[in-house]
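A.B. asks: Each residue of the sequence shown is one higher than the last, beginning at 424 in my numbering.
Some hints could be false.
To be verified - DSS-like cross-link-like pairs, simulated, lysine-lysine; straight-line CA separation at most 27 Å: (1) Lys548 <-> Lys491; (2) Lys605 <-> Lys628; (3) Lys548 <-> Lys605; (4) Lys580 <-> Lys632; (5) Lys656 <-> Lys667; (6) Lys548 <-> Lys562; (7) Lys580 <-> Lys522; (8) Lys522 <-> Lys628; (9) Lys470 <-> Lys671; (10) Lys552 <-> Lys628; (11) Lys602 <-> Lys580; (12) Lys522 <-> Lys470; (13) Lys632 <-> Lys656; (14) Lys580 <-> Lys491; (15) Lys562 <-> Lys522; (16) Lys580 <-> Lys628; (17) Lys562 <-> Lys552; (18) Lys548 <-> Lys628; (19) Lys522 <-> Lys632; (20) Lys605 <-> Lys552; (21) Lys602 <-> Lys491; (22) Lys605 <-> Lys562.
Bear in mind the hints are in silico, worked out from the structure with no lab data behind them.
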Amino acid sequence: MFDRRLVQYFNWGLLGLFCLLAVTGSLTLYSALTAGSANPQIALFYKQMIWYTAGLFIMALAFVLDYKFLERWAYACYFFCVSLLVFVMFFGRVGGGSKRWLVFGPVSIQPSEFMKIAVIIVLAKYFAKVVTMEGMSFKELFLPMILVMIPCVLVLKQPDLGTAIMIFLIAASMTLFIKIEKRTLACLVAASGVSLPLLWFFVLKQYQKQRILTFLDPDRDPLNTGYHIIQSKIAIGSGMIFGKGVFKGTQNALSFLPEQHTDFIFSVFAEEWGFIGSALLVTVFAMLILWGLNIAYECRDTFGIILAVGVTGMIFWQVIINMGMVMGLMPVVGVPLPFISYGGSSVISMMVCMGILMNISMRRFMLD
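The task is simple: from the sequences and hints, build the whole structure.
C.D. replies: Written out as C-alpha cells, the structure is:
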C-alpha cells in the first residue's frame with residue numbers, strides 16, 4: 424500500500440533546485456549550439472531534451488524504490504558496470520581519440536558515468552558495516568582500494584583521465600568522511616606522493632601530460648594545446664559584470680570557443696550572464712551541495728548517510744573541477760558541468776543522483 428508520508432516528506436526544495444539548473448542548462452545549451460552559427464546543431468538540443476525526458480522517469484524510479492534496495496544489490500550493480508567498461512574496451516565506439524561509448528541502435532551510453540554511482544553504492548554498503556569511532560585500518564581499506572582501482576584502470580585505458588580522477592576523489596571523500604586511523608592515513612599520503620612520478624612516466628598519455636603543462640603555462644602553445652583555455656578565459660572575462668546577454672556572446676557565436684556545448688559550456692554562460700549570473704549559478708550549486716549534506720545529516724541510517732555523502736561529493740567534485748578547468752585553475756581533463764553540459768549519460772547519472780537524495784530524504788521518517 425502507498426505510504427502517504429512519502430508525499431508529506433517529499434523534498435520539494437531539492438526538486439526546485441534541480442528544475443532551476445535544468446532550465447538554465449537547457450537555455451545555455453541552446454545558445455551554445457545555435458547562437459551566430461551558420462550551421463546550428465539544433466538536433467543536439469532536441470536530443471538533450473529527449474535525455475531529460477527519459478531521465479525524469481529514471482529519477483522517479485530512483486526515489487520511489489526504497490534506497491535499501493541499492494544496499495542489497497550493491498555488488499551486482501558494481502560488477503554490472505565493470506562489465507560494461509570491459510565491453511567498451513572491445514566493442515566501444517571511438518570518438519575524439521577515445522573509446523568511451525557503447526552503441527545500442529540509435530542510443531549511445533558512456534558506462535563510466537554510471538560507474539561513478541556504482542562505486543558510491545558499493546562503498547556505502549561496505550563502509551556501513553565496518554565504520555568505527557577509531558577509524559579504519561589499512562586492512563579494512565584493502566577491499567575498497569581494490570573496488571576503486573579496478574574501474575579507475577579500466578577508465579584510464581579508454582583513455583578518460585577526468586572520470587578516473589572523479590572516481591578516485593569520490594572514493595577519497597567518502598573514506599575521509601568515515602575516518603581513517605592517523606597512521607594509516609599518513610602511510611597512504613606518503614604512498615600517493617611516491618606514486619605520482621610513476622603515474623607521470625608510465626600511466627599518463629602524452630596529450631594528458633601536455634594538458635598539465637599547458638595548465639602551468641597556457642601561453643607555451645597558444646595555437647594548439649593552450650588554445651582552449653585562452654579562449655575560455657577571454658569568454659569569461661568579456662562577460663564582465665552583467666554579461667552580453669543571451670545569444671549575444673561573441674566568443675561562442677563566432678566559434679572561437681571550442682567544445683562550447685560540453686566541457687566549456689560554463690564559459691558560454693559566463694560570457695552571456697557575466698559575473699552576477701555566474702555568481703548566482705555558483706550559489707545554486709552551493710545550495711544543492713549543502714542540501715545534500717543536510718539530507719545526510721538528518722538521515723539515521725548509516726548506509727543512507729554514507730550514500731548521501733557520496734552522491735553529494737560526486738556533484739561537488741564535478742562542479743569544482745569543471746569550473747576550475749574553464750577558468751584555468753585546473754588542467755583540462757574533460758569533466759562535464761552537472762545539468763548544464765551536453766551529454767545524455769551525464770544527464771541521466773546526475774538525475775539518478777537527485778532521485779537517490781530525494782529517496783533518502785523522504786524515508787528518514789522510517790527511522791524516527
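A.B. asks: With reference to the structure, classify each hint as holding or not holding.
C.D. replies: Consistency of the hints with the structure:
About 10 Å separates the Cα atoms of lysine 548 and lysine 491, which keeps this hinted pair within 27 Å; it holds. With a C-alpha separation of about 34 Å, the suggested pair lysine 605 and lysine 628 falls outside the 27 Å cut-off, and the hint is violated. Restraint check: the Cα-Cα separation between lysine 548 and lysine 605 comes to about 23 Å, which is no more than 27 Å; the hinted pair holds. For the suggested pair lysine 580 and lysine 632, the alpha carbons sit about 15 Å apart, so the restraint of at most 27 Å is met.
This hinted pair checks out: lysine 656 and lysine 667 have alpha carbons roughly 15 Å apart, not beyond 27 Å. For the hint linking lysine 548 to lysine 562, the alpha-carbon distance of about 17 Å falls within 27 Å, and the restraint holds. Among the hinted pairs, lysine 580 with lysine 522 is consistent with the structure: their alpha-carbon atoms are about 9 Å apart, no more than 27 Å. Of the pairs offered as hints, the one joining lysine 522 and lysine 628 holds, with about 14 Å between alpha carbons and a cut-off of 27 Å not exceeded.
Between lysine 470 and lysine 671 the alpha-carbon distance is near 23 Å, which keeps this suggested pair within the 27 Å criterion. For the hint linking lysine 552 to lysine 628, the alpha-carbon distance of about 38 Å lies beyond 27 Å, and the restraint is violated. Between the alpha carbons of lysine 602 and lysine 580 the distance comes to roughly 31 Å, so the proposed pair goes past 27 Å and is violated. For the suggested pair lysine 522 and lysine 470, the alpha carbons sit about 21 Å apart, so the restraint of at most 27 Å is met.
A hinted pair counts as satisfied when its Cα atoms are at most 27 Å apart, and lysine 632 with lysine 656 qualifies at roughly 21 Å. At roughly 33 Å between alpha-carbon atoms, lysine 580 and lysine 491 are farther apart than 27 Å, so this suggested pair is violated. As the CA atoms of lysine 562 and lysine 522 are separated by approximately 35 Å, the hinted pair breaks the 27 Å bound. For the proposed pair lysine 580 and lysine 628, the alpha carbon gap of about 10 Å is at most 27 Å, so the pair holds.
Only pairs whose Cα atoms come within 27 Å are accepted, and lysine 562 paired with lysine 552 is accepted, the gap being roughly 14 Å. With a C-alpha separation of about 34 Å, the suggested pair lysine 548 and lysine 628 falls outside the 27 Å cut-off, and the hint is violated. Our distance criterion of 27 Å between C-alpha atoms is met by lysine 522 and lysine 632, whose separation comes to about 19 Å. Annotation: proposed proximity of lysine 605 to lysine 552 holds, straight-line Cα distance about 20 Å (limit 27 Å).
At roughly 23 Å between alpha-carbon atoms, lysine 602 and lysine 491 fall within 27 Å of each other, so this suggested pair holds. At most 27 Å may separate the alpha-carbon atoms for a hinted pair to count; lysine 605 and lysine 562 meet this at roughly 14 Å.
The structure shown violates the earlier hints numbered 2, 10, 11, 14, 15, 18.
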